[in-house]
Amino acid sequence: GAGVSQSPSNKVTEKGKDVELRCDPISGHTALYWYRQSLGQGLEFLIYFQGNSAPDKSGLPSDRFSAERTGGSVSTLTIQRTQQEDSAVYLCASSLDPRAKTQYFGPGTRLLVL
Amino acid sequence: SQKIEQNSEALNIQEGKTATLTCNYTNYSPAYLQWYRQDPGRGPVFLLLIRENEKEKRKERLKVTFDTTLKQSLFHITASQPADSATYLCALDRSNTGKLIFGQGTTLQVKP
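Those protein sequences? They're chains P and H, same order as listed. Following the numbering used here, the numbering of the first sequence begins with 1 at its first residue and continues without gaps. Following the numbering used here, the numbering of the second sequence begins with 1 at its first residue and continues without gaps.
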């Protein structure tokens with residue numbers, strides 16, 4: 001079956017521009033997570049959606065970052081006024097529900113801010 | 001603060017040998033720990049989960065141990081193959097919500 005998909009696969013932008021990253025989770029998965037992986041760093045948790053509950057935004061590094069999940073499926077991560085330190089791979093993962101433990105990751109979006 | 005540490009240096013071994021990767025954590029009492037594999041340019045792929053009441057878990061050539069006293073997990077790949085070359089990540093769930101904290105990963109290179 002189809003796995004988690006993300007788009008675009010690569011994004012190059014200029015400092016100060018806004019970017020939108022998209023994640024399509026596995027159908028039927030209620031939990032969706034965004035992580036960031038900077039060069040040489042481990043994955044860093046950003047935000048978590050579970051069903052219709054309010055998202056857990058505790059990992060967002062600044063108020064320039066926001067995310068939404070429409071209809072309990074597709075999610076969009078938005079970064080406003082991008083900075084060079086935002087350059088990283090942004091990974092999305094989904095799981096059947098939080099108790100399922102196993103997370104299925106997408107291929108990631110590689111963001112480069114010039 | 002909560003911290004997870006993995007061997008930062010790459011591990012180079014000869015094909016057929018056993019690879020052993022280490023994951024240490026501090027200031028944390030996880031109910032379970034996971035191991036993922038990540039290939040260049042790809043997202044992590046789940047390999048194994050071990051719970052706090054399990055000492056050892058096996059899956060084919062993979063074996064994971066979990067010592068909650070030492071706050072350490074060991075990940076073993078027996079009869080290693082060049083196809084096992086990848087970065088291996090350990091991860092803990094700090095609040096049982098699936099919000100994983102990952103180690104930096106250890107890169108394994110298996111030479112033929």
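There may be inaccurate statements among the hints.
Unchecked claim - In silico DSS-like links for lysine-lysine, alpha-carbon gap of 27 Å or less:
hint : chain 1 : residue 1 : chain 2 : residue 2
1    : H       : 3         : P       : 101
2    : H       : 99        : P       : 11
3    : H       : 63        : H       : 99
4    : H       : 17        : H       : 55
5    : P       : 57        : H       : 99
6    : H       : 71        : H       : 55
7    : H       : 111       : P       : 101
8    : P       : 101       : H       : 63
9    : H       : 55        : H       : 111
10   : H       : 59        : H       : 17
11   : H       : 99        : P       : 101
12   : H       : 71        : H       : 111
13   : H       : 57        : H       : 17
14   : H       : 59        : H       : 71
15   : P       : 101       : H       : 17
16   : H       : 3         : H       : 99
17   : P       : 101       : H       : 57
18   : P       : 101       : H       : 71
19   : H       : 63        : H       : 111
20   : H       : 111       : H       : 17
21   : H       : 3         : P       : 57
To be verified - Here are some, though not all, of the chain H residues that point toward chain P, as calculated from beta-carbon distances under 7 Å:
hint : residue
22   : 28
23   : 43
24   : 44
25   : 49
26   : 94
27   : 98
28   : 99
29   : 102
30   : 103
31   : 104
To be verified - The following residues of chain P were derived to be distant from chain H, with all beta-carbon distances above 10 Å:
hint : residue
32   : 4
33   : 16
34   : 41
35   : 43
36   : 59
37   : 62
38   : 66
39   : 72
40   : 80
It is worth saying that the hints were derived from the structure and are not from the lab. Yeah, the Cβ is synthetic: ideal placement off N, Cα and C, and Gly gets one too.
The hints, checked one at a time:
{"no.": "1", "hint": "3/H to 101/P", "in the structure": "holds, 20 Å"}
{"no.": "2", "hint": "99/H to 11/P", "in the structure": "holds, 26 Å"}
{"no.": "3", "hint": "63/H to 99/H", "in the structure": "holds, 24 Å"}
{"no.": "4", "hint": "17/H to 55/H", "in the structure": "holds, 23 Å"}
{"no.": "5", "hint": "57/P to 99/H", "in the structure": "holds, 11 Å"}
{"no.": "6", "hint": "71/H to 55/H", "in the structure": "holds, 12 Å"}
{"no.": "7", "hint": "111/H to 101/P", "in the structure": "violated, 33 Å"}
{"no.": "8", "hint": "101/P to 63/H", "in the structure": "holds, 19 Å"}
{"no.": "9", "hint": "55/H to 111/H", "in the structure": "violated, 30 Å"}
{"no.": "10", "hint": "59/H to 17/H", "in the structure": "holds, 17 Å"}
{"no.": "11", "hint": "99/H to 101/P", "in the structure": "holds, 10 Å"}
{"no.": "12", "hint": "71/H to 111/H", "in the structure": "violated, 31 Å"}
{"no.": "13", "hint": "57/H to 17/H", "in the structure": "holds, 20 Å"}
{"no.": "14", "hint": "59/H to 71/H", "in the structure": "holds, 22 Å"}
{"no.": "15", "hint": "101/P to 17/H", "in the structure": "violated, 31 Å"}
{"no.": "16", "hint": "3/H to 99/H", "in the structure": "holds, 14 Å"}
{"no.": "17", "hint": "101/P to 57/H", "in the structure": "holds, 16 Å"}
{"no.": "18", "hint": "101/P to 71/H", "in the structure": "holds, 20 Å"}
{"no.": "19", "hint": "63/H to 111/H", "in the structure": "holds, 21 Å"}
{"no.": "20", "hint": "111/H to 17/H", "in the structure": "holds, 10 Å"}
{"no.": "21", "hint": "3/H to 57/P", "in the structure": "holds, 20 Å"}
{"no.": "22", "hint": "28", "in the structure": "violated, 14 Å"}
{"no.": "23", "hint": "43", "in the structure": "holds, 3 Å"}
{"no.": "24", "hint": "44", "in the structure": "holds, 5 Å"}
{"no.": "25", "hint": "49", "in the structure": "holds, 6 Å"}
{"no.": "26", "hint": "94", "in the structure": "violated, 9 Å"}
{"no.": "27", "hint": "98", "in the structure": "holds, 4 Å"}
{"no.": "28", "hint": "99", "in the structure": "holds, 5 Å"}
{"no.": "29", "hint": "102", "in the structure": "holds, 4 Å"}
{"no.": "30", "hint": "103", "in the structure": "holds, 6 Å"}
{"no.": "31", "hint": "104", "in the structure": "holds, 4 Å"}
{"no.": "32", "hint": "4", "in the structure": "violated, 7 Å"}
{"no.": "33", "hint": "16", "in the structure": "holds, 28 Å"}
{"no.": "34", "hint": "41", "in the structure": "violated, 6 Å"}
{"no.": "35", "hint": "43", "in the structure": "violated, 4 Å"}
{"no.": "36", "hint": "59", "in the structure": "violated, 7 Å"}
{"no.": "37", "hint": "62", "in the structure": "holds, 18 Å"}
{"no.": "38", "hint": "66", "in the structure": "holds, 18 Å"}
{"no.": "39", "hint": "72", "in the structure": "holds, 16 Å"}
{"no.": "40", "hint": "80", "in the structure": "holds, 23 Å"}
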